[in-house]
Each structure stands twice: as structure tokens, then as C-alpha cells.
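Work out the full structure, taking the sequences as your base and the hints as a guide.
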Amino acid sequence: MSMGAPTATRSMDVAGPWTPRTARIANVKQEAPGIATYELVFEEERRAASYRFAPGQFNMLYLPGMGEAAISISSDPEKYGSFLHTVRVAGNVTQALSRKSAGDQILVRGPFGSAWPVEKCRGGDVVIACGGVGLAPLRPAIYQIINHRAQYGRVFLLYGARTPNDLLYADEYDAWRAAGIEVVITVDLGASEWTGHIGVVPVLFYRLRLNAPQTHVLTCGPEIMIRFVVFEALARKVKREQIHLSMERNMNCAMGFCGHCQLGPTFVCKDGPVFTYAQMEPYLHLEDL
Amino acid sequence: MSATNLPVGSFVRIAKPELQTLIDQLRAMGYRTIGPRLSQGAVIYDDVDSVEQLPRGWVDQQDGGFYRLQPQEDGAYFDYVVGPHSLKNFLFPPRETLLQLSREQDQWRLHAPAPPDPPLAVLGARACDLRALWVQDLVFVEVEFVDPAYQARRSNLFVAAVNCRRAAATCFCHSMKTGPAVVSGFDLALTEQDDHFVIETGSERGGEAVAACPWTPCTISEIEAARRAPRELERAMHQRAPRERQDLHKGPPLRSLDVTDLRELLLNNLEHPRWESVAQRCLACANCTMVCPTCFCSTVDEVTDLTGDQVRRERSWASCFTAEHSYMNSGTVRKSVRSRYRQWLTHKLATWIDQFGVSGCVGCGRCITWCPVGIDLTEEIAALRGTMP
Ligand SMILES: Cc1cc2nc3c(=O)[nH]c(=O)nc-3n(C[C@H](O)[C@H](O)[C@H](O)COP(=O)(O)OP(=O)(O)OC[C@H]3O[C@@H](n4cnc5c(N)ncnc54)[C@H](O)[C@@H]3O)c2cc1C
Ligand code: SF4
Ligand code: SF4
Ligand code: FES
Numbered sequence: 001m002s003m004g005a006p007t008a009t010r011s012m013d014v015a016g017p018w019t020p021r022t023a024r025i026a027n028v029k030q031e032a033p034g035i036a037t038y039e040l041v042f043e044e045e046r047r048a049a050s051y052r053f054a055p056g057q058f059n060m061l062y063l064p065g066m067g068e069a070a071i072s073i074s075s076d077p078e079k080y081g082s083f084l085h086t087v088r089v090a091g092n093v094t095q096a097l098s099r100k101s102a103g104d105q106i107l108v109r110g111p112f113g114s115a116w117p118v119e120k121c122r123g124g125d126v127v128i129a130c131g132g133v134g135l136a137p138l139r140p141a142i143y144q145i146i147n148h149r150a151q152y153g154r155v156f157l158l159y160g161a162r163t164p165n166d167l168l169y170a171d172e173y174d175a176w177r178a179a180g181i182e183v184v185i186t187v188d189l190g191a192s193e194w195t196g197h198i199g200v201v202p203v204l205f206y207r208l209r210l211n212a213p214q215t216h217v218l219t220c221g222p223e224i225m226i227r228f229v230v231f232e233a234l235a236r237k238v239k240r241e242q243i244h245l246s247m248e249r250n251m252n253c254a255m256g257f258c259g260h261c262q263l264g265p266t267f268v269c270k271d272g273p274v275f276t277y278a279q280m281e282p283y284l285h286l287e288d289l
Numbered sequence: 290m291s292a293t294n295l296p297v298g299s300f301v302r303i304a305k306p307e308l309q310t311l312i313d314q315l316r317a318m319g320y321r322t323i324g325p326r327l328s329q330g331a332v333i334y335d336d337v338d339s340v341e342q343l344p345r346g347w348v349d350q351q352d353g354g355f356y357r358l359q360p361q362e363d364g365a366y367f368d369y370v371v372g373p374h375s376l377k378n379f380l381f382p383p384r385e386t387l388l389q390l391s392r393e394q395d396q397w398r399l400h401a402p403a404p405p406d407p408p409l410a411v412l413g414a415r416a417c418d419l420r421a422l423w424v425q426d427l428v429f430v431e432v433e434f435v436d437p438a439y440q441a442r443r444s445n446l447f448v449a450a451v452n453c454r455r456a457a458a459t460c461f462c463h464s465m466k467t468g469p470a471v472v473s474g475f476d477l478a479l480t481e482q483d484d485h486f487v488i489e490t491g492s493e494r495g496g497e498a499v500a501a502c503p504w505t506p507c508t509i510s511e512i513e514a515a516r517r518a519p520r521e522l523e524r525a526m527h528q529r530a531p532r533e534r535q536d537l538h539k540g541p542p543l544r545s546l547d548v549t550d551l552r553e554l555l556l557n558n559l560e561h562p563r564w565e566s567v568a569q570r571c572l573a574c575a576n577c578t579m580v581c582p583t584c585f586c587s588t589v590d591e592v593t594d595l596t597g598d599q600v601r602r603e604r605s606w607a608s609c610f611t612a613e614h615s616y617m618n619s620g621t622v623r624k625s626v627r628s629r630y631r632q633w634l635t636h637k638l639a640t641w642i643d644q645f646g647v648s649g650c651v652g653c654g655r656c657i658t659w660c661p662v663g664i665d666l667t668e669e670i671a672a673l674r675g676t677m678p
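Chains as they are written, first to last, in the numbering used here: chain A, 1 to 289; chain B, 290 to 678.
Treat each hint with caution, since some may be false.
Computed footprint of chain B on chain A, listed as stretches where at least three residues anywhere in the stretch have a Cβ under 8 Å from a Cβ of chain B [what the hints assert, rightly or not]:
| hint | region |
| --- | --- |
| 1 | 59–67 |
| 2 | 252–261 |
| 3 | 275–281 |
In silico negatives: residues of chain B with every beta carbon more than 10 Å from chain A [unchecked claim]:
| hint | residue |
| --- | --- |
| 4 | D313 |
| 5 | W347 |
| 6 | Q361 |
| 7 | P437 |
| 8 | S473 |
| 9 | E523 |
| 10 | E560 |
| 11 | R623 |
| 12 | V647 |
| 13 | P661 |
None of these hints come from the bench; they were simulated from the model. These numbers come from a predicted model, not from an experiment. We put the CB at the ideal spot given by N, CA and C, even for glycine.
Pasting the structure below:
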């Protein structure tokens, strides 16, 4: 469709929550087939310095002409100046993003959404259970726990991917282990040289001895995996209020305007994406809701 | 008659032809005036600069999937009720540009969308329309994020509302407690009488607008008569017999909705067989969501020129009846028509209350009338309650 020249040029001070901010890609790191991590820096220096987010929140990444995609922030919330996004190629926007490289411009709205209750978990044990790109929104929580490691009891990371090649952030596991995280990795399909676990993430719960009253579970991944993680956590008497899930729905606005992300009475974009199982229980098990 | 402003809460009487003076005055005050107009056999909202353009002397017959206008002898200006348009068409337009961008040497520059629209004055909005406005305010303004374009249009809106003295068979504002009397949220509230309008002023600018008309103060009995008109209609609507005891051969069923524990009724019956039965009739055409004055779903699309250097972000109405609405690359969530109708009705009547503290339904009946197969939410609720076969 063609159109005329834009009217009223007020570059960069177009107010309102629909306005994205320009950012530069500082670095691109290939993580796995079809998955890369982008380091972004806001072009406006003041914004770059003042930008803060909480673990589990997301940005809307915008490529003009292609559209927006909701992508979790995957960096350390206590490191300022730049931030990371780990993106899997899924469709139009993510495909176009995968053709970008360092120095390219991209637009960003955010941060949006609720956060992992990392502070509330202090003094207790934490089980982080995730699959695939589901580790991306949990990495900020891992970093934050490591930054304040002494304030937590036992911390587990149960992580699974389809094959060993699909595992995210594999070069960091040793550092996480050294920092006191019990990292357990599993894959659906292991090649002959794979010596780790084979199977799905929820099964990794079988090995855990949990102190349920003081345990928080944080989970993100395919909805089916989330349901089984919840099942395993409940079976070990973890309280419904202490099981936290990050839900995914179509997102078009991230502000509660467009209606696409509704799940029962919630807007996943602003009431979530992180919910407690107590909040989600009535809706999680209904077909096609 | 006076040139000074009328205080808020005044009741004045103007002769019917003086409606033209009111329209002229609103235009002189800088408003774009819109009101009911005939278009393709229906009453819609469109620009009105002359009283001659109002659908004077027409009344509507409405039923499930049925709308017809008929002439009426008495030449009343406002005895039809609501048509397929609502104020949503103007405050949250079907399509609008949110943002424009242009690219120069791989740098994107952002531009404000087109200059703001002139302020709107609407003539002839009904009680249910005003309630629907407020319901949309709760979505776009009274929340964490404020939609700037909606807010700009809304804060400038002038409302000259009309008290209904007649309801369609599809109207059930009495059940939703949203009408037919206009009680708040107006600049002016008109009540049509045989040879004059009684006008109540609800704001200062309302007083300013009506002060320009040749008016006389109302007598107590004129005020009482004006107040009585919508109240009598409301009483008659409350006396509508339960659906199963209405004689269907004497005309369309007169709608009511039992709202007792409606939220719980819906949320406790998410697997009720009735959803499958309505899915067999529903075409998933999305008409109900388009005509509903409170439905707010939208999608933002990219519109680009041939070079890709000029981009517009355009928001248009969307509907939970489409497969795209709940699309994720892992698969559409609401695959069946059953799940989409269930989403629509439970959102409208139940989860809306969780989200915004009020029902999403104002009882205007538009979704009943404009459904091509005549699906009637009041009937679906009765079926879920087990009071209908
Ligand atoms: C809260 C949240 C956090 C997410 N975090 C990440 C992340 O860290 N890394 C990552 O790779 N992916 C993440 N996703 C998924 C990501 O949003 C989708 O893969 C992406 O929107 C697909 O866009 P596309 O244009 O490439 O695909 P298309 O199939 O072309 O999608 C078109 C449009 O549909 C919508 N859409 C499609 N799939 C999804 C989806 N799964 N979720 C939300 N909207 C969708 C988007 O508006 C998208 O622009 C997240 C999703 C949500 C809801
Ligand atoms: S629903 Fe009530 S207020 Fe709305 S048009 Fe019908 S009678 Fe009037
Ligand atoms: S659901 Fe139907 S009756 Fe209720 S406000 Fe919407 S269109 Fe009107
Ligand atoms: S993404 Fe638009 S309402 Fe949540």
C-alpha cells in the first residue's frame, strides 16, 4: 500500500506509550540453530543509562515494516547500559531480526509485565524448571540469585532442550555451578556422545528432595511442560502460591489495549506473564481457553 | 431567553425547530456535529449539520438478525433506538494511524500521527451509548497505560443525549441498569415531547450551547413529564414477561437478562454442552464484536510504501471470533468456534467484571440484531441457566 510523506515531524518526542525508542545492536551471539542473543543499547544516552527492568519482564522489539514481537529480557537486571534478548526464529519479525547484525538499528518498547518473585524467594530454596527458549526469561533470575547467593538456600536449575545442540547458554553452566546453582540438564534426543540425562524436564523432579514449605518453583516453557512441572511440584507439596509460571499468548500491544493476550480474566501482557499457579489453576487445564 | 450561560442542572424548553440553532451553536463552538442519519435502510451516526438530515418520523423494528425502519405518523425526531453504529466508531475508530516512521540512511525517525481531529459533538446518543463510553474509558484511559488518541477525542467530546421513550424488542438496558433514562455523563439531555424538547444541562459547555437557543424555563410539570417518559418505559421493560411465557406469534420476543450471579454462572459452566450447540449456529463472522459498543480488541498492522522507507502503524478493530486473534507460532489457542463464542460471552458478561469492575454489556441489543443467524445472548444465558430448552 502506498502513502504520502508523514506530517508533523517531531522526531523522538512523539509522546505516548505507543512510541518505541531506537536502539543499536551492539553484539549478536549465535546460541543454537535458529537462536541468537542480541545485545541492545538505547541510542539516547540518558535512556540507556536509566533503563531498568525486573527479571521475567519483556520488551516489544519492533522492526518497522515487519512488526513487533514480545521478547523476554535475558540479561542481568543489575547490569546497566545494555540489555540482552535471546530470540528464536519463529515467523516474520523474528526471521527479519535474524538477518540483522551489530551496528543495525532496532526499535524497542518496554519493559512490560510482571516479574519473577526473586526477592520473595530469599531465605528459601528455588527450583527453576524450564525448556527450550524458556530459559531466556529465567536467566535474569539466575543472575540475580547469584548476585545475592548467600540469601538463598538450595537453588536448582532443571533445564531441557530437544538436542544437546539446542541447549542455550551452555558455556555458562560451569560458572553457575561454581556459584552454587545445582544445574541439571536433559535432552529429548541425545547423540551417542551425550552423557547427560535423556527425557523431559518434569522427570528431573524425581531426583529432588525438596523442603516443600520453603521452596519456590519458577517455570517457563511449552504449556504442556508447565502443566507437568506444576503436577510434580504439587505432588511434592509445594504450595500453589509458591509455584510461578510464565505464560505465553499472542501479544500485539503489551498494554492491555488489544485484547489478544487474554487468558481467563487476565491480560497476560500486564497481569502476567508471570503468574502464581494459584492464579492460573482454574484456567490452565481447560482446553482452548 | 438569555445570552448568559445556563447553570448545570437547568431544565429548559425549546421549540422543536430550534434544534437547528443548537446544532449551529455547537458548530460555532468549533465542534464537528454528528448524529443519527439514515443510510442504507438503517440509522447510523454521521455528520449532521441540519435537522433535516435527522431520521425524523422513522421507527425501527429489531429482532434476532432483523432490522427494519418504518415511517410513523407523529414525525418524532428520536423514536428509533440504536443502529449498527455506536460512539465507538468515532472515539475508537475502525482504523487509525498510531505512529509514522521514515527511514533515512538506515536511521528510523518517528513522527506524530496526523494532527488531532476537531472536537466532536454527538446529538442523539442513548443512555446505553453513554454507559458504553464509560466502559471504554475504563479500558483506554482509567488504567495503567493511557491511549493518547482515545483520550484526546474523549476529553473533547460533547454529548447531547436523548432519553428513550420507546425501546426495541432487542433492548435490555433495564436488566443491565444502563438505561433507558440518561442520568449522567452528558452535556445536554433531551427529552422529546409532542411539540417541544425539554433539555437538561449537565455541564457548563452544555449550558453555553443551549443558551444560544431561544429557550424558556420549564414548569415543574414539564420537568416531571420529561423525567417520567424514560421511567415509564423502564417500568414497562421490567414488566416484560419471561421469555418462555411470551406469545411468539405476536411479534419478536421482548428481551430481558437475569443478571443474578451471572459471572459465576458463566465461569462455573465453561464446559456446558450449550457452547457446542451455539457453535453449530455461529458463523464466527465477528459482526457482534464489530457492532458491540464496548468491544475493544484491535490489531496493529504495518503499512509501508514500495521502498519500505515510509511506514505507518495502523490500528484496526479485531475480533476474538477469528483464528488470528489467539494465534501463536506454537498454534492457535482457540481453535474451535465453540471456544471463541465462549470467550466472547464469558469476557463480555463475566471476566470483564474481573478486569474493569463492571459488565462489558450495556444491554443495547446490537449483537442480537446484527447477527446474521440471530444468535441472542439473552437466550444463550437462559439456556445456561436451564430456564430455556
Ligand atoms: C511474554 C512473552 C515473552 C516471550 N519471550 C520470548 C523470548 O525471550 N525469545 C523468543 O524467541 N520468543 C519469545 N516469545 C515468543 C515470541 O513473542 C514469538 O515467537 C514472536 O512473537 C513471533 O513473532 P514472529 O513475527 O516472528 O512470528 P509470526 O508467526 O509471524 O507472528 C506474527 C505475530 O503474531 C504474534 N505472535 C506469534 N506468536 C506469538 C507468541 N508465541 N507469543 C506472542 N505473540 C506471538 C506476534 O504479535 C507476532 O508479531 C515470548 C512471548 C511472550 C508472550
Ligand atoms: S437499550 Fe435502552 S437506552 Fe439503549 S436504545 Fe434501547 S431503550 Fe434506549
Ligand atoms: S454484548 Fe450485545 S447487547 Fe451487550 S453491549 Fe455488546 S452489542 Fe450490546
Ligand atoms: S497484548 Fe494487547 S492486551 Fe495484552
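Verification of the supplied hints:
Residues of the region 59–67 of chain A lying with their CB closer than 8 Å to a CB of chain B number 4, which satisfies the three-residue condition for coverage. A stretch counts as covered by a chain when three or more of its residues have a beta carbon under 8 Å from one of that chain; for the region 252–261 of chain A and chain B the count is 8, and the coverage holds. Only when three residues or more bring their CB closer than 8 Å to a CB of chain B does the claim for the region 275–281 of chain A stand; here the count is 0, and the claim is violated. At roughly 31 Å, the least C-beta separation between D313 (chain B) and chain A is larger than 10 Å, which holds for a residue marked as non-interface.
With a least CB separation of 35 Å from chain A, W347 (chain B) remains clear of the 10 Å interface cut-off, as annotated. With 10 Å as the threshold on Cβ separation, the claim that Q361 (chain B) sits away from chain A holds: the shortest Cβ distance comes to roughly 39 Å. Under the 10 Å C-beta cut-off, the non-interface status given to P437 (chain B) relative to chain A is violated; the minimum distance is some 4 Å. Every beta carbon of chain A lies more than 10 Å from that of S473 (chain B), the smallest distance being close to 25 Å; the non-interface claim holds.
Once the 10 Å rule is applied to beta carbons, E523 (chain B) is consistent with being away from chain A; the minimum gap is 31 Å. Not every Cβ of chain A is farther than 10 Å from the Cβ of E560 (chain B); the closest lies at roughly 8 Å, contradicting the non-interface assignment. Consistency note on R623 (chain B): stated as away from chain A, yet its beta-carbon is not over 10 Å from all of that chain's, at 5 Å minimum. The claim that V647 (chain B) is not at the interface with chain A holds, since no C-beta of that chain comes within 10 Å of its own (minimum 13 Å).
For P661 (chain B), the shortest C-beta to C-beta distance to chain A comes to about 23 Å, beyond the 10 Å cut-off, and the non-interface label holds.
Violation of the numbered hints given earlier is confined to hints 3, 7, 10, 11; the remaining hints are satisfied by the structure.
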